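Trainee: Turn these sequences into a full structure, and let the hints guide you.
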Amino acid sequence: MSHPAAPYDALLLCSFGGPNRTEDVVPFLRNVVRGKGIPDERLEEVGEHYFAFDGKSPINEQNLALRAALAAELRERGVELPVLWGNRNWHPYTVDTLRDAVAFGARRILVLVTSAYASYSGSRQYREHLAAAVSELGVDAEGLEIDVLRPFFNDPGFVDANTDAVLAAVEQLPAGEGVHIAYVTHSIPDTMQDASAATGPGYREQHEDVRAAIDATLRERGLSVTSSLSYCSRSGDPRTPWLEPDVNDHLAQLAEDGVTRVVIAPIGFISDHMEVAWDLDTEAMETARELGMDAARAATAGIAPVFVSGLVDLVLERAARERGEEPQVTVRGQLPAFPDVAPPGSCRMRHGEVTGIPVLAGTAD
Numbered sequence: 001m002s003h004p005a006a007p008y009d010a011l012l013l014c015s016f017g018g019p020n021r022t023e024d025v026v027p028f029l030r031n032v033v034r035g036k037g038i039p040d041e042r043l044e045e046v047g048e049h050y051f052a053f054d055g056k057s058p059i060n061e062q063n064l065a066l067r068a069a070l071a072a073e074l075r076e077r078g079v080e081l082p083v084l085w086g087n088r089n090w091h092p093y094t095v096d097t098l099r100d101a102v103a104f105g106a107r108r109i110l111v112l113v114t115s116a117y118a119s120y121s122g123s124r125q126y127r128e129h130l131a132a133a134v135s136e137l138g139v140d141a142e143g144l145e146i147d148v149l150r151p152f153f154n155d156p157g158f159v160d161a162n163t164d165a166v167l168a169a170v171e172q173l174p175a176g177e178g179v180h181i182a183y184v185t186h187s188i189p190d191t192m193q194d195a196s197a198a199t200g201p202g203y204r205e206q207h208e209d210v211r212a213a214i215d216a217t218l219r220e221r222g223l224s225v226t227s228s229l230s231y232c233s234r235s236g237d238p239r240t241p242w243l244e245p246d247v248n249d250h251l252a253q254l255a256e257d258g259v260t261r262v263v264i265a266p267i268g269f270i271s272d273h274m275e276v277a278w279d280l281d282t283e284a285m286e287t288a289r290e291l292g293m294d295a296a297r298a299a300t301a302g303i304a305p306v307f308v309s310g311l312v313d314l315v316l317e318r319a320a321r322e323r324g325e326e327p328q329v330t331v332r333g334q335l336p337a338f339p340d341v342a343p344p345g346s347c348r349m350r351h352g353e354v355t356g357i358p359v360l361a362g363t364a365d
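Mapping to UniProt numbering: the sequence shown position 270 is 270, numbers consecutive.
In short, the hints are calculated from the structure, not lab data.
As the structure is a prediction and not an experimental result, all values here were calculated from the model.
Glycine included, C-beta positions come from ideal geometry on N, C-alpha and C.
A couple of the hints might just be wrong.
Unchecked claim - Now the in silico label distances, taken between C-beta atoms and shown as ranges: (1) Gly138 / Arg42: 44 to 52 Å; (2) Gln172 / Asp257: 35 to 43 Å; (3) Glu244 / Leu167: 21 to 29 Å; (4) Gly324 / Glu41: 52 to 60 Å; (5) Asp237 / Val354: 21 to 29 Å; (6) Leu137 / Asp249: 42 to 50 Å.
Stated by the list, open to error - Straight-line C-alpha distance at most 20 Å; calculated EDC-like pairs for lysine to aspartate or glutamate: (7) Lys56 / Glu283; (8) Lys36 / Glu128; (9) Lys56 / Glu44; (10) Lys56 / Glu353; (11) Lys36 / Asp237; (12) Lys56 / Glu45; (13) Lys56 / Glu275; (14) Lys56 / Asp40; (15) Lys56 / Asp281; (16) Lys56 / Asp24; (17) Lys56 / Glu23; (18) Lys36 / Glu353.
Mentor: So this is what it looks like as structure tokens:
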């Protein structure tokens, strides 16, 4: 009988990365914007959110916690599969993690990207990053095969963890009638949204599906809710159209419409990293208070047991398919599970723009 995780030798948690101290902030941001010619003076301004937290992003400790939770869940199920961690933009860099993995004998690695949704920044850019890491390894990467776990926005574990978090946040509000759930995700340029929808449901549509699935459960639990989707963390040239409304502008509109009780639910993020800690906990919650709203911020999926269990289910499901089996696939919402291998042309930065940048886990384009 095959090992439950076969043919994989390791699971790699691949994330964005973040600084750990004040001295790291500008070098980290140089990595993020590499090739864009942005001067350090501007990066100092961009890094104000990190400086407000003594230069330390929460993302690294959260990735360590998720790595430990995944390893514990695998052990609990009797699955021997090392869980590794590598980042695009800061230590530990993915290339170094892969180099170590190969040295210890890994030849087939499954990658879990810490983004639940499919878009350029949440999926294709990581596939470009992985291809670059393999190229940098050179001859050391001979015989190494890397797969990427499909986007998991509609996995039951992710949706249920967010549903539980919204319910807990509602309970934090003072007693009252009705509540508005302001679902929030990271904004992206309109062109990136259009490109994400070229080969399947787009970034915005994926979020709307999660929103509808959570709302349905809330109403089944007897809550009177209304809801909406808004965005945070836009950056870059202000003349470039990005997905709107911004969460702060949206809260102002909700207040004008008579909403007094609101839960801010960051369904676009899997953990409480900087965009959540600054954009939502600091700015959006302050906006809500200034508007006289009763507001609570729902937790992210984090290391909620139902979320971690769902991720391990996805790992074992993918492994089974690679062995030629046909495991059951379960989703929440109306959209189907995304394919294991990204379709040609999917999730470009701009639809139809061929950059020639190599990618893994979908190299047909």
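Trainee: Now tell me if each hint is right for this structure.
Mentor: Checked hints:
One distance hint, 44 to 52 Å for the beta-carbon pair Gly138 and Arg42, is violated here, with the actual separation near 34 Å. A hinted range of 35 to 43 Å is violated for the C-beta pair Gln172 and Asp257, which are about 22 Å apart. Between Glu244 and Leu167 the beta carbons are some 28 Å apart, a value that agrees with the proposed interval 21 to 29 Å. About 56 Å separates the C-beta atoms of Gly324 and Glu41, a value consistent with the hinted range of 52 to 60 Å.
The supplied range of 21 to 29 Å is met by Asp237 and Val354, whose beta-carbon atoms lie about 23 Å from each other. Range check, Leu137 to Asp249: Cβ separation about 45 Å, and the 42 to 50 Å hint holds. Between Lys56 and Glu283, the direct Cα distance comes to roughly 18 Å. Compliance with the 20 Å bound is thereby established for this hinted pair. Straight-line distance between C-alpha atoms of Lys36 and Glu128 comes to about 17 Å, which keeps the hinted pair within the 20 Å bound.
Among the hinted pairs, Lys56 with Glu44 is consistent with the structure: their alpha-carbon atoms are about 15 Å apart, no more than 20 Å. For a cut-off of 20 Å, the pair hint linking Lys56 to Glu353 is broken: about 36 Å separates their Cα positions. Using a Cα cut-off of 20 Å, the hinted pair Lys36 and Asp237 holds, with the two alpha carbons roughly 12 Å apart. With a C-alpha separation of about 16 Å, the suggested pair Lys56 and Glu45 falls inside the 20 Å cut-off, and the hint holds.
Proposed proximity of Lys56 and Glu275 is supported: the alpha carbons are some 13 Å apart, at most 20 Å. Using a Cα cut-off of 20 Å, the hinted pair Lys56 and Asp40 holds, with the two alpha carbons roughly 18 Å apart. Taken as a hint, the Lys56 and Asp281 pair is honoured in the structure, with Cα atoms around 16 Å apart against an allowance of 20 Å. Straight-line distance between C-alpha atoms of Lys56 and Asp24 comes to about 8 Å, which keeps the hinted pair within the 20 Å bound.
Proximity of Lys56 to Glu23 is assessed by CA-CA distance (about 10 Å); at most 20 Å being required, the pair is judged to hold. Of the pairs offered as hints, the one joining Lys36 and Glu353 holds, with about 18 Å between alpha carbons and a cut-off of 20 Å not exceeded.
In this structure, the earlier hints numbered 1, 2 and 10 are contradicted, and the remaining ones agree with it.
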